[in-house]
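Engineer: Listed below, chain by chain, are the residues.
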Amino acid sequence: MDTQFIVSMLIILATFALYIWIAVYNTAKQTSDFYVAGRGVPPIFNGMAIGADWMSAASFIGMAGTIMLLGYDGLAYIMGWTGGYLFLTILLAPQLRKFGRYTVPEFIGDRFNSKAALIIAALCTIIISFTYSIGQLSGSGVVIGRLFEIDAKIGTMIGVVLIAFYAAFGGMKGITWTQVAQYIILIIAYLVPVIFMSLHLTSNPLPWISYGEILTKMGELDRELGISEYFAPFTNGTKWQFLALMFTLMCGTAGLPHVIVRFYTVGTMKAARWSGAWALVFIGLLYFSAPAYAAFARFILMTEVAGNKIAELPAWTQSWIDTGKLGIADANGDGILQWPELQIANDIVVMATPEIANLGVFVIGLVAAGAMAAALSTAGGLMISISSSFAHDIYYRIINPQASEQKRLLIGRISIVVATLLAGIIALNPPGAITQIVAWAFALATGTFFPALVLGVWWKRANAKGTIAGMLVGLAVTLIYIFSAKYGGFTVLGIIDTGAGVFGAIAAFATNIIVSLSTRAPSQELQDAVINLRYPEQMVYKDGEVYLNDGSSKE
Amino acid sequence: MKKIDKKVADAYFREKNTYMAIYFAIWFLVSFVMVALADSLTDVQFLGFPFHYFMGAIGALFTFIVLLFVNAIVGDKIDKKYGISEARNEEIGANNMINH
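Chain order of the listed sequences is A and B.
The number in our numbering is simply the position in the first sequence, starting from 1, with 381 added.
The number in our numbering is simply the position in the second sequence, starting from 1, with 4 added.
Isolated chain B, as found in the complex (with noise of 0.2 Å):
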């Protein structure tokens, strides 16, 4: 075990947080904003499809599938910025149970 200066271990935290309110927002816009928004889009064409229909059917869901993609991504980025190692992340999680 060795210790991490506390300023690191925070900006750690801070730095995945940042990303999350990111992601979130993102997903607020493209989902409750557009539907609250859509009776005002249904004239707006988009790809052949009225625009708020297309981001119900199509676009809000593409949005989430990127955002987790890019949450895996750059998760697995930070956490090489700090020095984690998966495969000991390995060998600790498979410990790291209550074994009945």
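With the rest of the complex left out, here is chain A (with noise of 0.2 Å):
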């Protein structure tokens, strides 16, 4: 055991410590704390909780790795990643929480008064999010395979234990002050390898103006060895495909059903406005600094490994071979490895940065913890949706309506550990890198809930049976143009699987729409509720008036 493993394991042993100790300290003692916390939480710290809820493995290992191999073209996660937090604070987070329920599937099949309605949106929940939670304890089994200088999938094993426990322990109270913490240590984790080498590299400590002269630089390489200029915009893709992911991404942001839930857990409409954007500001500190990551990576792997003779490579190097993510292969055998020779998988670059550019024992060791509170933070807000999903909408809003609280406790944690399982032995063998998995749960969320919310919200004449068709054909579609594109090598326009939303969603759409012309349209109450929602808390819409509700008189 080096000293490295020993630094890095009683940093993440501390972080642990910290995340249990808050857990117990706030141990859910009711459903309604288990899922949406009490809704008593204050918009900074829900933002925060949002924050961290929402960076998952793939925007804290794998964004930046994306963006180092794609170039431009990796930056439509950046502005689709955060995009959506304009339709989910503007259009949905705040209607759904005035209409007061615990769950999206629980607000469409109340929205449209159908059972139906209420299942299909529950095993959408639980197909968007256990296909995100594969991503999530793949990104932890790099991270502890490191670690413990072992197989990844070794490592996916240790994860998928380490995260059951956590999630089945806490629900969304302890959850959500746990996930405050795990946003601070993150980000702390993300900025500082990001600011040293800003300051090796540029001597400007602020990484965020200084990477565009190394953006330069990297350009005149570029040139130089013949490839295509790092920035160059749709070298790995076409410009359809860069727009129609950009899309799915943030419509899926705006359906995800764990991210929107976290807006129930604060109390009105104003509060949700304001968790929105208190949260886009803390995802854009991550955000703004994944592309300078991948810069800084890029650049030092250019100019400081590659030109080195294989056999005086850097200790790290051994490490990351031995978790299969690192190929070094010396194609033309002058024993020097050239830059095209370097093999390195999305996934690594944030994990392995820190140890490239030689920032000592401390840095790497509290990148691994972030990495584990990302991983850790969104997979526990995943398995609450599918066992909310699971133990509540379908359980106990549909099979069993007497079960007791103790008893749909018991059945929302027994869903976790299951769900963690399946996921986990998926991920021994991930169909995919982090990201793309990931995106793949966003096309579903836009091919499925988006949909459905947006016309549920806004428009009254959408009624249960254009819901119900508009999310299977969604579906359907996202799913046949995910598997096509991938292995079946059919495109449209160039866009590949990760952009499969657009498809779905405007299947959605239409067939929404079409059926609900054609079918009788949802009751004169239900369409009231639906006005209802325009209008803050106290202002009433009622028979075609709407009221102040001053308390003046109660009804």
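For the record, the hints were derived by calculation from the structure and aren't laboratory data.
Keep in mind that the hints are not guaranteed to be accurate.
Derived lysine-lysine pairs resembling DSSO-like cross-links, with alpha carbons at most 30 Å apart [stated by the list, open to error]:
id, chain 1, residue 1, chain 2, residue 2
1, B, K84, A, K841
2, B, K7, B, K85
3, B, K85, A, K923
4, B, K10, A, K841
5, B, K10, A, K923
6, B, K7, A, K598
7, B, K7, A, K841
8, A, K867, B, K6
9, A, K690, B, K11
10, B, K84, A, K923
11, A, K841, B, K6
12, B, K81, A, K923
13, A, K846, B, K6
14, B, K20, A, K923
15, B, K6, A, K496
16, B, K84, A, K867
Residues of chain A clear of chain B, computed beta-carbon distances all greater than 12 Å [as the list claims (entries may be wrong)]:
id, residue
17, S495
18, A676
19, A687
20, I702
21, A726
22, S865
23, A866
24, Y916
25, M920
26, L929
Quick reminder that beta carbons are idealized off the backbone N, C-alpha and C, glycines included.
Could you fit the two chains together into a complex? Lean on the hints.
Structural biologist: Here you go:
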């Protein structure tokens, strides 16, 4: 055991001890605590919790690596994963909060007064969250694999046990405050290396300003090597793919059940607006830094690692080769590592860069702890979503409405453990890079929930039949496109599997509108409830009139 | 409960929607339009960056954050203008949930 292992392990254990202490201190005592944290979280802390819930292993571990490998084309992830917050914060979250339910399927079930819609929405939640959690588990496998210098597969198995235990334990209330702590840990862990690299390469401590000159230098290096410039647009896919991916990630953001539910934990529509704004500031801190991280990492690899003798490569290369995520092949047999001979997986860039840049054992350990925080916090949120869909939406609302609170909590916890184990089995042989798997989850949310929620909130004429048909068609089209693009080589306008949400959303919107219009309109009561969502809590819409609830007379 | 004049209620909704349309127009411009124009902006430099790269990595995200804060502040102002009290909202919000 070397010093690096001991230091990393100590930092990870210390952060875990902190999360567990917070979780125990805030143990869920009631169902409302378990699902929506008692609805009293202040917006700025809720913003941090949304940030941690949101920033998954894909954001922390995968995104900078994806940008490093794709150049400009990778920025679709930056714009897509942040632009969706406008949909969420302006179009959906406050209105859903006013409706006042626990979960997204419950909103859909009650808005359309349909058990079938509730069940289908619950199944969609499970499918989306499950796909997403495969990415998280495979991310924790990368971190644990590196830490113990073992295969990422064994790392994944350790991650499964950790996450199952962790999520089953706390529930939403514990998770809210744990996520605040996790946000702070993960953002420090992300910013420290990027600031050090910025100082080292440009003598400027502000990476967000300084990496412009690095980009320009890399453009020159790329031209010398005869490869396309790092910042040249659409070199790894068509412009349509970029736009489709960006659209998919934006709409998916607004349709992800585990993120929407975080807006249920605040008190009012106003608090929901402010939560969204704060959340994007906290998320932005990491997203502004990811392209800088990518640029610095690529620059260091090109100038300080490539060009060395393969026999004399630094020790960090061997640890990463052991995890199966780094490949070095001396293609021309000259004993020197050329840039094209370095095969680096997207998923290890953030984890490996502190070592590559020689930042010392403490920073490397800190990054490992931050990556674990990102994977754990998102996996926790996802597992709560799966368990609430199962235990609350399906079991309690449909199968056994007489179930006691203890029984529902127990079923919730069992479904977390089962879901984590199943996702873990798939994550052993992940079907793609972390960001790619996560993009599929977004495509599924774009094809199912985004149209159902937007029309459900803003179009009073949308009815149960239209919404059910829309969700099913959207789900089918998205799934078929993902599979035929990934395995069958079928594409439209060069749009690959990650951009599948566009087709799912178009199909779902069209189906929903056509079927709704050709079947009976929802009851007047339901239509009034939809119009009511346009006004703040204090304004009540009833029978074509709006009233101000000033407490003068209770009705 | 006090009835609100239909004109006032509609004005509230219209005011909110007008701002919403403005936010989404700006959002569309800095994301989709900028990407569509990316290949023709590569030679323009901005703060040391190629302009298309700057917009993708920094400009769009910065605009989104500003828009969300403007939305939150303007939303509060509109509520105030129409006599909505946040304290009362909190009270109603706390009761407005199905308790299972």
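Engineer: Now, for every hint given, state plainly whether the structure supports it.
Structural biologist: Now the hints, each set against the structure:
1. B/K84 to A/K841: holds, 27 Å
2. B/K7 to B/K85: holds, 17 Å
3. B/K85 to A/K923: Satisfied, since the Cα-Cα distance of roughly 22 Å is no more than 30 Å.
4. B/K10 to A/K841: Holds, because 19 Å separates the two Cα atoms, which is no more than 30 Å.
5. B/K10 to A/K923: The hint holds at about 12 Å.
6. B/K7 to A/K598: violated, 66 Å
7. B/K7 to A/K841: The hint holds at about 22 Å.
8. A/K867 to B/K6: violated, 59 Å
9. A/K690 to B/K11: Status violated; Cα separation ~78 Å.
10. B/K84 to A/K923: Distance ~22 Å between B/K84 and A/K923 Cα, so the pair holds.
11. A/K841 to B/K6: holds, 25 Å
12. B/K81 to A/K923: At roughly 25 Å apart (the allowed maximum being 30 Å), A/K923 and B/K81 satisfy the hint.
13. A/K846 to B/K6: Given that 30 Å is the threshold and the Cα spacing comes to 36 Å, the pair is violated.
14. B/K20 to A/K923: Distance ~20 Å between B/K20 and A/K923 Cα, so the pair holds.
15. B/K6 to A/K496: violated, 35 Å
16. B/K84 to A/K867: violated, 52 Å
17. S495: Fine: 16 Å to the nearest Cβ keeps A/S495 off the interface.
18. A676: violated, 9 Å
19. A687: holds, 23 Å
20. I702: Since the minimum Cβ distance to chain B is about 31 Å, A/I702 lies beyond 12 Å and the statement holds.
21. A726: holds, 22 Å
22. S865: Given a closest Cβ separation of 25 Å, the condition holds.
23. A866: holds, 20 Å
24. Y916: A/Y916 is in fact no farther than 12 Å from some Cβ atom of chain B, at 7 Å.
25. M920: Since the minimum Cβ distance to chain B is about 7 Å, A/M920 lies within 12 Å and the statement is violated.
26. L929: Label violated. Min Cβ-Cβ 5 Å, cutoff 12 Å.
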